[in-house]
Amino acid sequence: RKEVEQDPGPFNVPEGATVAFNCTYSNSASQSFFWYRQDCRKEPKLLMSVYSSGNEDGRFTAQLNRASQYISLLIRDSKLSDSATYLCVVSPEYGQNFVFGPGTRLSVLP
Amino acid sequence: GAGVSQSPSNKVTEKGKDVELRCDPISGHTALYWYRQRLGQGLEFLIYFQGNSAPDKSGLPSDRFSAERTGESVSTLTIQRTQQEDSAVYLCASSPSSLNYGYTFGSGTRLTVV
Chain A
1 RKEVEQDPGP
11 FNVPEGATVA
21 FNCTYSNSAS
31 QSFFWYRQDC
41 RKEPKLLMSV
51 YSSGNEDGRF
61 TAQLNRASQY
71 ISLLIRDSKL
81 SDSATYLCVV
91 SPEYGQNFVF
101 GPGTRLSVLP
Chain B
1001 GAGVSQSPSN
1011 KVTEKGKDVE
1021 LRCDPISGHT
1031 ALYWYRQRLG
1041 QGLEFLIYFQ
1051 GNSAPDKSGL
1061 PSDRFSAERT
1071 GESVSTLTIQ
1081 RTQQEDSAVY
1091 LCASSPSSLN
1101 YGYTFGSGTR
1111 LTVV
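Residue numbers (the numbering used here), protein chains in the order written: chain A, 1 to 110; chain B, 1001 to 1114.
Just so you know, the hints here were simulated from the structure itself, not pulled from any lab data.
One or more hints might be untrue.
To be verified - Just the calculated beta-carbon pair ranges, DEER-fashion:
#: 1; chain 1: A; residue 1: Ser-107; chain 2: B; residue 2: Lys-1015; range: 30 to 38 Å
#: 2; chain 1: B; residue 1: Lys-1015; chain 2: A; residue 2: Leu-109; range: 38 to 46 Å
#: 3; chain 1: A; residue 1: Ser-81; chain 2: B; residue 2: Pro-1061; range: 30 to 38 Å
Cβ atoms here follow ideal geometry from the backbone N, Cα and C, with glycine treated the same way.
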């Protein structure tokens, strides 16, 4: 089993749609969780951290379920500019490198 | 500077030549990472430096790859006797020591081996 797995995608949705991405991780000792976005031919950029209590940033909501080792990202009222690849990132035990999921590509269509 | 700086931004080299890629992390960031991303693929971990600890080299694909870091500053990734399969974007990232902060990536070096 891969350390971090994501929905394979791609997701093609119309503007204004709500879309949800799922991510699972294998290491139950993982400490920190993030969502990154990567635009075509650009470097990944931090979108948001994911906290146990869940957190929201505008149209974006992230949830963490430690018992199920599951992370989600919900995008409401999607915009054309949300088109990108979304990467789930998990930090294992302290002192070890972050593990990136393979990413899920989103295309928001006019 | 305010961000992670990588140089060169693009490098074309002939098969068999050595190349050196440079990364300047954000000042004060103790952790530095190198990743490789082939076209249309995910990020592949290469090496991780954390302060003065021994680096985690578990992701280096072969002994042609090596990396150095001077203290908590500049890092160089060296690829010896480059092969065509080394063609990729090499991304450097840095982060503070706390696990609660994500990485900040540089814009990468696009390496093409011809």
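Evaluation of the provided hints:
One distance hint, 30 to 38 Å for the beta-carbon pair Ser-107 (chain A) and Lys-1015 (chain B), holds here, with the actual separation near 36 Å. Between Lys-1015 (chain B) and Leu-109 (chain A) the beta carbon distance is about 41 Å. The supplied range of 38 to 46 Å therefore holds. The hinted window of 30 to 38 Å between Ser-81 (chain A) and Pro-1061 (chain B) holds, with their beta carbons roughly 35 Å apart.
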